[in-house]
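Chains Z and D supply the protein sequences, listed in that same order.
Those letters in the first sequence? Residues 1 to 368, by the working numbering.
Those letters in the second sequence? Residues 1001 to 1398, by the working numbering.
Keep in mind the hints are simulated off the structure, nothing from the lab.
Treat each hint with caution, since some may be false.
What the hints assert, rightly or not - Which bits of chain Z does chain D cover? Going by a derived footprint, with three or more residues having C-beta under 8 Å, they are:
1. 66 to 79
2. 82 to 94
3. 118 to 124
Said to hold, decoys possible - Dumping the calculated SDA-like pairs for lysine to any residue here, alpha-carbon to alpha-carbon at most 25 Å:
4. D:LYS1081 - Z:ASP78
5. Z:LYS337 - D:ASP1202
6. D:LYS1081 - Z:PRO94
7. D:LYS1081 - Z:ARG129
8. D:LYS1081 - Z:LYS355
9. Z:LYS145 - D:GLU1073
10. Z:LYS145 - D:THR1110
11. D:LYS1081 - Z:VAL51
12. Z:LYS337 - Z:PRO368
13. Z:LYS337 - D:LEU1187
14. Z:LYS355 - D:ARG1183
15. Z:LYS355 - D:ALA1087
16. Z:LYS145 - D:ASP1202
17. Z:LYS145 - D:ALA1112
18. Z:LYS349 - Z:THR324
19. Z:LYS145 - D:ARG1099
20. Z:LYS145 - D:ALA1071
21. Z:LYS355 - D:SER1188
22. D:LYS1081 - Z:ASP93
23. D:LYS1081 - Z:ALA140
24. Z:LYS355 - D:ALA1185
25. D:LYS1081 - Z:GLN96
26. D:LYS1081 - Z:LYS349
27. Z:LYS145 - D:ASP1070
28. Z:LYS355 - D:ASP1070
29. Z:LYS355 - D:ARG1099
30. D:LYS1081 - Z:ARG135
31. D:LYS1081 - Z:LYS145
32. Z:LYS355 - D:ASP1283
33. D:LYS1081 - Z:ALA133
34. Z:LYS355 - D:THR1110
35. D:LYS1081 - Z:ASN142
36. D:LYS1081 - Z:LYS337
37. D:LYS1081 - Z:GLY143
38. Z:LYS337 - Z:ASP81
39. Z:LYS198 - Z:VAL51
For every residue, glycine included, the Cβ atom is placed at its ideal position computed from N, Cα and C.
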Amino acid sequence: MRVRSLGALLLTAGLAASLSGTPAARAVVTAADAGAAPTTLGALAFGPGNVLFAADSQAAAIYAFDLGTAAGAPGAADVPDLDKKLAAVLGTDPSQVSISDLAVHPTSRNIYLAAMRGTGAAAAPALVRLDGAGRLDVVALNGLKYTSVALPNAPVANPQARRDPRTASITDMAFDNGQLIVAGLSNEEFSSKLRAVKYPFSTVDPGTSVEIFHGNHGAVETRSPVYAFVPYTVGGTKQIVAGYLCTPLVTFPMASLTSATAGAKVRGTTIAELGSGNRPIDMIVYTRGGQDYLLMSNTSRGVMKIPTASFGSATGITSKVVETTAGVPFETLADLKGVEHLDKVGADKVAVLAKADSGVSLRTIPLP
Amino acid sequence: MLAIAHGRVRAFCFYGAAALAAVAPTAACRRAAAAPEPLAVALVTPAGATHPTVDLTGLTDDERDALRDDAPEAVWEALLKVTVQAANPEAPPPAVAGRYSVTDRGIRFTPAFPFQPGRRYDVRVDLGRFRRAEPHTLATTVALPRGATPASEARVVGVSPAGPTVPENLLRIYVWFSAPMSREAGLSHVTLTDARTGVVTDAFLPVDGGFWNHDFTRYTLFFDPGRVKVGILPNERMGRPLIAGHRYTLAIATTWLDAQGAPLVEAFEHRFTAGPALTAPLDLAAWQIIAPPAGTREPVVLRPPTPLDHAIALRALGITSAGGDAVDGEVSLDVTDTRWQLVPREPWKAGGYSVVALETLEDPAGNRIGRAFEVPIDDRRPAPPPRLTRPFRIAPSS
Chain Z
1 MRVRSLGALL LTAGLAASLS GTPAARAVVT AADAGAAPTT LGALAFGPGN VLFAADSQAA
61 AIYAFDLGTA AGAPGAADVP DLDKKLAAVL GTDPSQVSIS DLAVHPTSRN IYLAAMRGTG
121 AAAAPALVRL DGAGRLDVVA LNGLKYTSVA LPNAPVANPQ ARRDPRTASI TDMAFDNGQL
181 IVAGLSNEEF SSKLRAVKYP FSTVDPGTSV EIFHGNHGAV ETRSPVYAFV PYTVGGTKQI
241 VAGYLCTPLV TFPMASLTSA TAGAKVRGTT IAELGSGNRP IDMIVYTRGG QDYLLMSNTS
301 RGVMKIPTAS FGSATGITSK VVETTAGVPF ETLADLKGVE HLDKVGADKV AVLAKADSGV
361 SLRTIPLP
Chain D
1001 MLAIAHGRVR AFCFYGAAAL AAVAPTAACR RAAAAPEPLA VALVTPAGAT HPTVDLTGLT
1061 DDERDALRDD APEAVWEALL KVTVQAANPE APPPAVAGRY SVTDRGIRFT PAFPFQPGRR
1121 YDVRVDLGRF RRAEPHTLAT TVALPRGATP ASEARVVGVS PAGPTVPENL LRIYVWFSAP
1181 MSREAGLSHV TLTDARTGVV TDAFLPVDGG FWNHDFTRYT LFFDPGRVKV GILPNERMGR
1241 PLIAGHRYTL AIATTWLDAQ GAPLVEAFEH RFTAGPALTA PLDLAAWQII APPAGTREPV
1301 VLRPPTPLDH AIALRALGIT SAGGDAVDGE VSLDVTDTRW QLVPREPWKA GGYSVVALET
1361 LEDPAGNRIG RAFEVPIDDR RPAPPPRLTR PFRIAPSS
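Please put together the full structure from these sequences, using the hints given.
Quick look at the structure:
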């Protein structure tokens, strides 16, 4: 089959690492007072000030929207029938709306939802703010001041040839110490890259592949997608704690993403096997009673509460695990069912978006 | 129903469901007797706009002057509220999001997202903040014509690997469509059937929204890697989705909707047999390189002994000149994925060239050059470089 049209991603073609394989540090950065027109909205993460990072996977770009001081009533009310209310606000029915992520504003505590309205040619992204009065407001993206950065496209061996650009799905993002960490996978290679993107946007590293040992596998798992992660300090060293497909929980030093060897492979430490047939969706870290915990939602294994106390001393799993789970202890929270996305609300609460047969609900509950 | 031509679209105004005050109950668009102008609501496409707005007309100059475009949302919604028509009138939904503005005849509501054809929207008007005795309320329903049911135009034009035999540890199948599809994940429309044992359940990796290319004409079906990789629990419990020696049918139902919401023109079936697993790394040195004569634009052809991943091979292989410049041209791969070629834009010159393969190149089972998809724990060989080359020569034409 012959490759076809050039498509919209040509914008980023100049970023391709191309034949040299050298790091593509140059980045296509756009800055404007208005007029943002993302094609999709996926993962969300708050940055410094009132900046909200939003991933546009289809365009392989990340937006940093300046939300300004606009806010609704403080907090975010529970919405038991979120799918129906959100659809009504978007002028449609729930079958035409998909919610891809949520993020809690660090000061107003309003909840921002990333969604798509429509499924066909007319599908459009929607950023919606839920406030303490239960009001859902569509944030007009084209009226926000923003900067955006295009992620490097996949390396190509034939820079001039026509091709069908690979797309990348951005699975999770987190802002830490002046940089946005981005995890993504592609629609072609079965692999995962973690990238460190300095903010304000200027450069994008070429991405680091993190090798892990999958204890349920008995082999070096060189390539598997990261679905959720969180920056977290273990033993005085900033680490990335990452959840992979089939749920190995892996730590590796944050510095390995930004070191001079960026672009090379890094071997992570597998500290737990949390069960197969599953992928992580979201994770947060919180403190309760002087003890830190990781809270992680999953597609088929519920919400897990994992004490982090043993993360630093955990021996990496390097031999085959025959049980379903292994490594650092965890508990599955039986009363949290259907939870997909979650985010911390202040120091003692968590917003959870849960799906049930009756629909989608959003509520804020005490941290477990 | 009263249909009025207004603006550039044909606008429709339905009976008011709960017309109040002095608004005549038989037709919501009818003039309110005491108002200086009749209150009326219509769907209008303003000049220069691409989608209809809800226009309320019949406000007095004083009433319009009292309104500002930046008035609080609550003020506007009290005056003019648009909602998706609710199945249960006792639980009215929240207002449709949008922007309000003052026009030279009244108020305009521009929805944040275009009104959908065929969907009914309730409109409630209450000018109580301006008017007391005279009629000041209106309730009606507006809708864009449903339009013709979209005709089916899209069909599956092929899959990759397209050959009759695939390795049992196949990692992915690409499905090509003739036209852009909807954004939904496609697994519910795909059935994999083993001729011996029946439908293969949980064969593919479920992913929200799925893996589409940029224009929604190619979908990637990833086999669940937990079942493909040896030794992972799902593999040990359920086995691989494909078993060497078994025959399979990949069926795609017409229920998969295209970007216009229409089903596929026809169902699609692809039959194949699973062969032994591919577990060896790719070896560039084992490839046959067929070099054309200088002075021609005939293709240079690469013949790997086993198939390559179709999509990745199109971008991860190339030819460079002796100076290291990429040779510009048209790249293609045949249906067996074992014959890659580049037709140069300019005729070949005699001299040295190189085949360039990026380390991302894979076979259909995920094996890369110098590194198989599944690697033993004691394998500590360094990762291959990001770019590998193999030189060849183009001889002068005789």
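A quick look at each hint next to the structure:
| no. | hint | in the structure |
| --- | --- | --- |
| 1 | 66 to 79 | violated (count 0) |
| 2 | 82 to 94 | holds (count 9) |
| 3 | 118 to 124 | holds (count 7) |
| 4 | D:LYS1081 - Z:ASP78 | holds, 23 Å |
| 5 | Z:LYS337 - D:ASP1202 | holds, 22 Å |
| 6 | D:LYS1081 - Z:PRO94 | holds, 20 Å |
| 7 | D:LYS1081 - Z:ARG129 | holds, 19 Å |
| 8 | D:LYS1081 - Z:LYS355 | violated, 30 Å |
| 9 | Z:LYS145 - D:GLU1073 | holds, 21 Å |
| 10 | Z:LYS145 - D:THR1110 | holds, 22 Å |
| 11 | D:LYS1081 - Z:VAL51 | violated, 31 Å |
| 12 | Z:LYS337 - Z:PRO368 | holds, 14 Å |
| 13 | Z:LYS337 - D:LEU1187 | holds, 24 Å |
| 14 | Z:LYS355 - D:ARG1183 | holds, 20 Å |
| 15 | Z:LYS355 - D:ALA1087 | holds, 22 Å |
| 16 | Z:LYS145 - D:ASP1202 | violated, 45 Å |
| 17 | Z:LYS145 - D:ALA1112 | holds, 18 Å |
| 18 | Z:LYS349 - Z:THR324 | violated, 30 Å |
| 19 | Z:LYS145 - D:ARG1099 | holds, 19 Å |
| 20 | Z:LYS145 - D:ALA1071 | holds, 22 Å |
| 21 | Z:LYS355 - D:SER1188 | holds, 19 Å |
| 22 | D:LYS1081 - Z:ASP93 | holds, 18 Å |
| 23 | D:LYS1081 - Z:ALA140 | holds, 19 Å |
| 24 | Z:LYS355 - D:ALA1185 | holds, 17 Å |
| 25 | D:LYS1081 - Z:GLN96 | holds, 22 Å |
| 26 | D:LYS1081 - Z:LYS349 | violated, 35 Å |
| 27 | Z:LYS145 - D:ASP1070 | holds, 19 Å |
| 28 | Z:LYS355 - D:ASP1070 | violated, 37 Å |
| 29 | Z:LYS355 - D:ARG1099 | violated, 31 Å |
| 30 | D:LYS1081 - Z:ARG135 | holds, 15 Å |
| 31 | D:LYS1081 - Z:LYS145 | violated, 29 Å |
| 32 | Z:LYS355 - D:ASP1283 | violated, 47 Å |
| 33 | D:LYS1081 - Z:ALA133 | holds, 18 Å |
| 34 | Z:LYS355 - D:THR1110 | violated, 31 Å |
| 35 | D:LYS1081 - Z:ASN142 | holds, 23 Å |
| 36 | D:LYS1081 - Z:LYS337 | violated, 36 Å |
| 37 | D:LYS1081 - Z:GLY143 | holds, 23 Å |
| 38 | Z:LYS337 - Z:ASP81 | holds, 16 Å |
| 39 | Z:LYS198 - Z:VAL51 | holds, 14 Å |
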